[in-house]
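Trainee: Using the sequences and the hints, build the whole thing.
If you read the protein sequences in the order shown, they are chains G and B.
Just so you know, we're using my numbering here: the first sequence kicks off at 124 and counts up by one.
Just so you know, we're using my numbering here: the second sequence kicks off at 124 and counts up by one.
These are calculated hints, taken from the structure and not from any lab test.
Be careful, since some hints might not be right.
When the alpha-carbon atoms are kept at most 30 Å apart in a straight line, the in silico DSS-like pairs for lysine-lysine are as follows [as the list claims (entries may be wrong)]:
1. B:Lys-276 with B:Lys-412
2. B:Lys-214 with B:Lys-224
3. G:Lys-340 with B:Lys-412
4. G:Lys-167 with G:Lys-224
5. G:Lys-214 with G:Lys-234
6. G:Lys-362 with B:Lys-162
7. G:Lys-445 with G:Lys-162
8. B:Lys-340 with G:Lys-428
9. B:Lys-162 with B:Lys-434
10. G:Lys-362 with G:Lys-167
11. G:Lys-224 with G:Lys-214
12. B:Lys-434 with B:Lys-445
13. G:Lys-340 with G:Lys-362
14. B:Lys-445 with B:Lys-428
15. B:Lys-340 with B:Lys-167
16. G:Lys-340 with B:Lys-445
17. G:Lys-340 with B:Lys-362
18. G:Lys-434 with B:Lys-340
19. B:Lys-162 with B:Lys-214
20. G:Lys-214 with G:Lys-167
21. B:Lys-340 with G:Lys-340
Owing to the predicted nature of the structure, the values given are computational and were not obtained by experimental measurement.
Chain residues, written in single-letter form:
Number of protein chains: 2
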Amino acid sequence: MMPSTRRATNATILILALAFSSLALAADPLPSWNEGATKQSIIKFVEEVTREGSPDFVPVPERIATFDNDGTLWAEQPIYTQLFFLIDRVKAMAPQHPEWKTQEPFASVLKGDLQGVTAGGEAGVVALLTATHTGMTTDEFSRIVSNWITTAKHPKTGQPFTAMVYQPMLELLDYLRANGFKTYIVSGGGIDFMRPWSERVYGIPPEQVIGTSGGLKYEMVDGRPALIKLPSLVLNDDKEGKPVGIQRHIGRRPIAAFGNSDGDLQMLQWTCSSSGLRLCVFVHHTDSKREWAYDRGSHIGALDKGLDEAKLRDWTVVDMEKDWNRVFPFQ
Amino acid sequence: MMPSTRRATNATILILALAFSSLALAADPLPSWNEGATKQSIIKFVEEVTREGSPDFVPVPERIATFDNDGTLWAEQPIYTQLFFLIDRVKAMAPQHPEWKTQEPFASVLKGDLQGVTAGGEAGVVALLTATHTGMTTDEFSRIVSNWITTAKHPKTGQPFTAMVYQPMLELLDYLRANGFKTYIVSGGGIDFMRPWSERVYGIPPEQVIGTSGGLKYEMVDGRPALIKLPSLVLNDDKEGKPVGIQRHIGRRPIAAFGNSDGDLQMLQWTCSSSGLRLCVFVHHTDSKREWAYDRGSHIGALDKGLDEAKLRDWTVVDMEKDWNRVFPFQ
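Mentor: Right, here's the structure in full:
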C-alpha cells in the first residue's frame, strides 16, 4: 500500500497547488475599484503590454509608470500637505525669530491668516520656503520631515497625513509593480519633503521620487562632508517641468501616467504621444462625501484643460465617486 | 530492487546537486582580479554587508554603489571619448556651416589642431558643446550618439570605444548586482551621451546614469511634444558636483564608490564619511603596456589629492598593473 498511498498524496498536493494558483490568478488585484470601463481600461492595458507575443508587448525595463502625488496618490484639500508642514515649521521656529511677529508673510502665518499670506504673492511664498526649507543639511531636513509626518494630523479627519492616501491607488501601485513596472512619483511638491516617507507609504524608494528641487552645496560641517539646501530653484516639477524632470531622472519615456490636475497635463501628453499602447489617467475628484469634489474652478488642483484633452484623446478619467468603492484605507 | 534503486538514484542526484552548488559557491566572481589585498578588501566588504546577522549588514534597498565612468569603467586616454564624439560631430556638421572654416574654435577642430582648440579656453569648449550637443530634441541626440558609438573606433587600438571597458570592472559590476547592489554611473561626462549605451555595455539602465546635465525645454515640434536640449548647465557632475548629483538623483548615500581621479574625491568622501562599513576605491593607472600609466601630473584624469587622501583614510587603491590579470575584454 505504501507506494500507491505516496502516489495519492503527491497527486493531492499537485491538485491543491493547481487550485491555489488558479485562485491567485482569479483574485482581483484591484478590489477597491468597482467593475466598469475605468477598471477595465487599466487591466486591459496591463495585460496587453505584459503578454508575450502581444503586438503591444513592452519589455520589463521599459515598463515605467509615473504618478503625480498631491490629489493623485493622497488628498490635497483644503491645502497641500506641504503647506501644513510649512506653517508648522514657521510656528516651531518663531521663538528664534521674534521679528516674525511683525514681519510679513511670517506674521500672517503665525496669526493663522492664510489670506494675509496669499497677499504677499510669490515673493511671500519664496520667503517662507527659504526660511523653512533651506539653510540646513539634507540629513537635518529629512529628520525634520520624518518627525513632523509621524505626529501631524489632517484638520478635517484627524488622521495622520500618510493615512490620507487613496486605497485604490495603493492597489494600483502594487498591481503595476507585480507586473514588472517601475513606479515613480513625479510631483510639484518638494523632492526632499516626499523622500523620507515615500518608501514606507507607497513602496516607492527615494531614487524613484521626482519633485521640485532646490540647489545643494557640498561643504565640510564640523569636519564632515554635508550637503546644504540652498534657496535656488533647480527644477520646478510642474506642468512643462514634469516631462523635463522625467527625462532628467529616468531618461526614458513612461508608458503610463497618472495625474489629477492641469499641472499633470504635459506629463500625460509626453507619455501618450509616443507610439505603442499607452495609458493616461486623470483622477477626477467627484466625491464630496468621502473626499472633496472639485475640478475646473478649484484654487488647488484645478482640472480644466485636462478634462477637455482627456475627452479629445480618449484618456481614462476616474470618477472617484462611481469608480472607487473605498477612498481612504481607514474608511 | 526497484525501491532501493530509486533511492540510490535520488541520493546520487542529491549528491550531484550539492557538488554543483559547492562549485558555484567556490567559483571566483572576479576572475580578472589577481589574488591579494585589493581583491580581498572588495570581497570582504561585500560579504560583511550582505551576511545576515553581521554587525555591518546593510538591507538590500540601501546597497547603492556609484561608479565614475571615464578612467574607472572605460579608458580616458589620449582624450575623453566624448571629445572624439564632439570632434566627429563638428566634422559631420561642417558642410552646413561653411563659416567654421575660419571661425575658432571650429577651424582648429577641422584642422585637427587640438592645441588651437585648447587656446580658446572654456569659452571655446562651451561654443563646441553648444553647437554639437544642444538645439536638437533628446530623441535626436540619442540617435546621433547611438549611430556614432556603433561605428567610431579608438585611434590607438582600432577597437570600438565600447570595447575599451575594463573587464575587471565589468565583473565587479556583476558581482555587486548579484549581491543585491544597485549600480550607478556618476560621471563628469554628459548624461545624454552615456544613457543610449550604458545598459547594453555595463548593464546600467538610463535611470541609473548620473552625469553633467543641460537644460531641457518642453515644446511642440510638428504638433508632437518634444524636449529640446538647451545650452544652460543644470549640473556640473564633477568634484563637489558628484555628491550633489547623487543626492538629487538617488536621495540616499552610497555605501561603495569607485573613481580614478581627483574629480571623484568628493564622491568618495561623501560615501565613506557616513557610519558603518563603507568601501571607497581608486583605480590607479599604473600599466603603461596594457593601458596607460598616469596620475599626479596628468592632463586628463589627474590623481593627486586623491592618492594622499586614500593613504590617510585607508581607502583601497587598485594597482592596474599588479591587481588585474586582464584589462580589456579583447586582450
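Trainee: Give a verdict on every hint.
Mentor: Hints, verified against the model:
1. Between B:Lys-276 and B:Lys-412 the CA atoms are separated by roughly 20 Å; this keeps the pair inside 30 Å, and the hint holds.
2. For a cut-off of 30 Å, the pair hint linking B:Lys-214 to B:Lys-224 stands: about 11 Å separates their Cα positions.
3. A distance of roughly 41 Å separates the Cα atoms of G:Lys-340 and B:Lys-412; the hinted pair therefore is violated under the 30 Å criterion.
4. For the given pair, G:Lys-167 sits about 57 Å from G:Lys-224 by alpha-carbon distance, which is inconsistent with the 30 Å threshold.
5. Between G:Lys-214 and G:Lys-234, the direct Cα distance comes to roughly 10 Å. Compliance with the 30 Å bound is thereby established for this hinted pair.
6. Of the pairs offered as hints, the one joining G:Lys-362 and B:Lys-162 is violated, with about 49 Å between alpha carbons and a cut-off of 30 Å exceeded.
7. With a C-alpha separation of about 11 Å, the suggested pairing of G:Lys-445 with G:Lys-162 holds against the 30 Å cut-off.
8. Distance restraint check for B:Lys-340 and G:Lys-428: the Cα-Cα separation of roughly 21 Å lies within the 30 Å cut-off, and the hinted pair is therefore satisfied.
9. The straight-line distance between the Cα atoms of B:Lys-162 and B:Lys-434 is roughly 17 Å, inside the 30 Å bound, and the hint therefore holds.
10. At most 30 Å may separate the alpha-carbon atoms for a hinted pair to count; G:Lys-362 and G:Lys-167 meet this at roughly 28 Å.
11. Pair hint G:Lys-224 plus G:Lys-214 holds up; C-alpha atoms about 11 Å apart against a cutoff of 30 Å.
12. Only pairs whose Cα atoms come within 30 Å are accepted, and B:Lys-434 paired with B:Lys-445 is accepted, the gap being roughly 18 Å.
13. A threshold of 30 Å between alpha carbons decides the hint, and for G:Lys-340 with G:Lys-362 the separation of about 27 Å falls inside it, so the pair holds.
14. Distance restraint check for B:Lys-445 and B:Lys-428: the Cα-Cα separation of roughly 22 Å lies within the 30 Å cut-off, and the hinted pair is therefore satisfied.
15. About 46 Å separates the Cα atoms of B:Lys-340 and B:Lys-167, which puts this hinted pair outside 30 Å; it is violated.
16. Restraint check: the Cα-Cα separation between G:Lys-340 and B:Lys-445 comes to about 38 Å, which exceeds 30 Å; the hinted pair is violated.
17. This hinted pair checks out: G:Lys-340 and B:Lys-362 have alpha carbons roughly 12 Å apart, not beyond 30 Å.
18. In summary, the hint linking G:Lys-434 to B:Lys-340 is supported, as the alpha carbons are separated by about 26 Å, within the 30 Å threshold.
19. The suggested pairing of B:Lys-162 with B:Lys-214 is violated, with an alpha-carbon distance near 44 Å, which exceeds 30 Å.
20. Proximity of G:Lys-214 to G:Lys-167 is assessed by CA-CA distance (about 49 Å); at most 30 Å being required, the pair is judged violated.
21. Only pairs whose Cα atoms come within 30 Å are accepted, and B:Lys-340 paired with G:Lys-340 is accepted, the gap being roughly 25 Å.
Going down the numbered hints, you'll see the structure goes against 3, 4, 6, 15, 16, 19, 20, while the others check out.
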